[in-house]
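Q: Letter by letter, the chains look like this.
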Amino acid sequence: MYEWMVTARYYEERLQEEYLEGKQPAFDISAGPIPGELHLAAGHESSAAGVVSHLRDSDTVTAPHRPHHVAIAKGVDLDRMTAEIFGRETGLGKGKGGHMHLFDPDVNFACSGIIAQGVPPAVGAALAAKKRNTDDIAVAFLGEGAIDQGAFLESLNLAKVQDLPVVFVIEDNDWAISMPKERITDVQDGSRRGEGHDIPHERVGHDDAVEVFEAAREAIGRARDDNGPSILEVQVHRRMGHFMGDAEAYRPEEDKEAAQMRDSIERLEATMEDAGITADERDSIRTDAQERVDDAIAWAKDQPEPEPDAAYEDVFTNPPSGVTDAEPATDGGETQ
Amino acid sequence: MTDRERTMSRAMVDAIAHEMRENEEVFVMGEDVADYEGIFDSTTGLREEFGYDRVMDVPISETAFIGAGVGAAQSGMRPIVELMFADFFGVAMDQIYNNMAKNTYMSGGNVSVPMTLMTAVGGTYNDAAQHSQTLYGTFAHLPGMKVVVPSTAYDAKGLMHNAIRDDDPVVYMFHKRLMGLGWMPAPDGPKTPVPEEDYTIPFGSADVKREGDDVTVVTLGLHVHRALEAAEELADEVDVEVIDLRTLVPLDTETILESVRKTGNLVVVDEDYQSFGVTGEITARVAEAALEDLEGVKRLAIPDVPIPYARPLENEVLPGTDDIVQTIRSLDPVRSLSP
Chain A
1 MYEWMVTARY YEERLQEEYL EGKQPAFDIS AGPIPGELHL AAGHESSAAG VVSHLRDSDT
61 VTAPHRPHHV AIAKGVDLDR MTAEIFGRET GLGKGKGGHM HLFDPDVNFA CSGIIAQGVP
121 PAVGAALAAK KRNTDDIAVA FLGEGAIDQG AFLESLNLAK VQDLPVVFVI EDNDWAISMP
181 KERITDVQDG SRRGEGHDIP HERVGHDDAV EVFEAAREAI GRARDDNGPS ILEVQVHRRM
241 GHFMGDAEAY RPEEDKEAAQ MRDSIERLEA TMEDAGITAD ERDSIRTDAQ ERVDDAIAWA
301 KDQPEPEPDA AYEDVFTNPP SGVTDAEPAT DGGETQ
Chain B
1001 MTDRERTMSR AMVDAIAHEM RENEEVFVMG EDVADYEGIF DSTTGLREEF GYDRVMDVPI
1061 SETAFIGAGV GAAQSGMRPI VELMFADFFG VAMDQIYNNM AKNTYMSGGN VSVPMTLMTA
1121 VGGTYNDAAQ HSQTLYGTFA HLPGMKVVVP STAYDAKGLM HNAIRDDDPV VYMFHKRLMG
1181 LGWMPAPDGP KTPVPEEDYT IPFGSADVKR EGDDVTVVTL GLHVHRALEA AEELADEVDV
1241 EVIDLRTLVP LDTETILESV RKTGNLVVVD EDYQSFGVTG EITARVAEAA LEDLEGVKRL
1301 AIPDVPIPYA RPLENEVLPG TDDIVQTIRS LDPVRSLSP
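In order, the protein sequences belong to chains A and B. Going by the numbering used here, the final residue of the first sequence carries number 336, and the count climbs one at a time with no gaps. Going by the numbering used here, the final residue of the second sequence carries number 1339, and the count climbs one at a time with no gaps.
It should be emphasised that the hints constitute simulated quantities derived from the structure, not laboratory data. Watch out, some of these pointers could steer you wrong.
Said to hold, decoys possible - Examples of chain A residues lying across from chain B (beta carbon under 7 Å, computed):
#1 S30
#2 H101
#3 V107
#4 Q117
#5 L127
#6 S155
#7 P308
#8 Y312
#9 D314
#10 F316
Stated by the list, open to error - Sample of chain B residues with no beta-carbon within 10 Å of chain A, all distances over it, derived:
#11 E1019
#12 D1032
#13 L1294
For glycine and all other residues, C-beta sits at the position ideal for the given N, C-alpha and C.
Given the sequences, and given the hints that come with them, work out the whole structure.
A: Here it is as C-alpha cells:
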C-alpha cells in the first residue's frame, strides 16, 4: 500500500510540475507539454490503496475523472498511462483519451470524464462476472459530489436487485468543484445511501489506509462470496484545486491548510514505524517509487506525438467497408 | 430464399434466438423484455426458451442498465439492450454517446463495445411528441455507433444477425408500424419471405427496392413503403427509383450517387425532423460529389415541429404517400417512359 501511495503522490507532484511548464506566469491551458485539463488526486491515496489491495487483474475497476491513484494501484502500465497523459502515440489510448479517459484492458481498468457515469459500466462488469460464473468482482470509484446523480442511485438499485458483485467506493474530499459538502447534502455519511437500498455500507471517517484496507476486505469479500453489493465511503482530502489552474478562490484558507495537515501517507508511516519498519526501509520504497515515476515521465516525454491522420482510426473496432484509415469523413465517398 | 413469410418482429426475434443458441455470451436486457415479451414483440418467446438469466427484465433505470450493457460488452459479452422508445434515450444519453460510442476511440482501439441497443421509432398512431420520434439523425450524427434501420422482415433478420456479431455498438431502430403488431397494422411490404437459416446483410449496403430512370427517392424505415406506393401511383407518369438506406452508419453513398447520376433527380424522404438531419446529409453528399448530374432536389421530412397528437395534425406533419407523390411531381422530371 505504501509503495502505491508514495508512487501516486510523487506522480502527481511531478505531473503538476510538468503541467505548469509553459502555462505560467499567466495561466494558459493550451500551453505546455501536458494538454487539456488535469485533475489531481493528491490526498486521495488511502482509498485506492486500501481497496485495490484486495483486487486481482481480472477484477474490474472504473475510476472517475480523477483517476491516477486508482490506476496506479490497479497496476495500469505506468509508462503508457504517462504517455497518454502527455498525448503521445504510445499512450494507452494512442493519445486519443487523455488523462480522464484511461483504459487498460490488461488489468480491467477504465474511467470516465463524466460525474458518476463510470458507475453503470462497473455494474455491467459485475453482471458479466456473475453470468460467467466467475468470482471476479467490480469496483466503482466516485466522489461524494457524484452520489446525488441518477447514474449512481440507479446503479445501486440494479446491483442490489440482481445481487451483483460490485463495491461502490465513495471518495469524500468535501468538495464538489466549488461546492462544499455541507451545501450539497444534509447527509454527512454518504454511505448511508445504501440504507434505502438495503445495501451494506460503511464509512471510514479519516484517511487511514489500514482502516480502509480492513473495511474494504469485508465489502470485497461479500462481493466475491456472491453476497451482493456494498458501499464504502472514505474520508479523503483534496490537497489541490479541482483542476490544475483552479485558484480555489471559493475555498477558505483554513480548509486548504487543514487538508495539507492531514496526510494519509504520514499516517501510514507512523503505523509502519510502530510495526517496526524502519525509516530506511521506507525511504528505499519511496526512492524506488520516485525513480519509477521519473523514468515513466522521461520515457513518455520522449515518445512521438501521433500522426494527424491517426485521428481517423479507431472509431470502430470493426470499421465498416468503405471506411479507410486516414480518410476524412467529408469527401463525399462511402465513409463515416 | 424460401417462401416462409415472417413479420418483421418475428424475423428479428428469429435472429436473436439463433445468436443466443450459438453463443452463450449473448443475452437480452431491458424493460418488459421477459414476461411482457417486448412491448413491440421484439423479444416474443425468448424468455420461454432461454429463461430469466438470459432474458432479463430490469428496473426502469435506463442509465443503469444501458451503462451496464456497456460494462458487460467491454467485459467481452454481447448484450442486446432494449430501450422501448427512441424518445426515451435522453435519460441515458451519457451512457450512449459518451461511453458506448466513445470508449473504443478514447482507448485507441484497445476496448470494444460489442453491444446492440435496440429501440422502436416512429409515429403514425397518434401518440404525440414524446412517443413518436424517429431521431435517426441524432444517432447517426454522433460518431462511434453503427445505426441500422430495417424496412422488411428479410432485412430485419439479416441486419440483426450482423448487429449481434459486430464488435462495435449498433443502434438498431425498428419502426413500430412495420413490426406486424396485431394492434398496429403494417402496410403491405414489411412481411416478406425469410430464410430459416442465418444470413447477414453487410452494413453500408443500401438496397434499390425499385428501379427507375427518372427520379431517385432515398429513404428508410416506414417511408420505404410509402415511397414504393408513391412510385406505383406515378408509374404512368414517371419512372421512380426507390433506395432503402438500411443503415445510416455506415452510409452507402455510392449507391445513391450511382442512382442520381442515372436519374438526375433526387428526393429524400425522412420521418425525422428536417433541419440538420438525414435529408440535409444526403443532399449535401450528392451535391458535393455529383452536382453536375443533378437537375432537381427536394426533401421531405417533419417540418421542425414536435409531433402533434390529434390525427389531422399528425397527418399534416408526417410525410405521407400523397406528399411524396406531390414532391416528385414538383420536380417536373423529364419522363423517360415509352409513351
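Q: All the hints need checking, so say for each whether the structure fits it.
A: Evaluated hints:
1. S30: Result: violated, 20 Å to nearest chain B Cβ.
2. H101: holds, 4 Å
3. V107: Check failed: Cβ of V107 (chain A) comes no nearer than 12 Å to chain B, outside 7 Å.
4. Q117: holds, 5 Å
5. L127: This hint holds: L127 (chain A) lies near chain B, its Cβ roughly 5 Å from the closest one there, short of 7 Å.
6. S155: With Cβ-Cβ at 5 Å, under 7 Å, it holds.
7. P308: It is violated, given that the least Cβ distance between P308 (chain A) and chain B is near 15 Å, above 7 Å.
8. Y312: Because about 10 Å separates Y312 (chain A) from the closest Cβ in chain B, which is outside the 7 Å limit, the hint is violated.
9. D314: Check passed: Cβ of D314 (chain A) comes within 4 Å of chain B, closer than 7 Å.
10. F316: The hint holds - F316 (chain A) has a Cβ within 7 Å of chain B, the shortest such distance being about 5 Å.
11. E1019: With a cut-off of 10 Å, E1019 (chain B) remains clear of chain A, as the shortest Cβ separation is near 16 Å.
12. D1032: With a cut-off of 10 Å, D1032 (chain B) remains clear of chain A, as the shortest Cβ separation is near 15 Å.
13. L1294: holds, 13 Å
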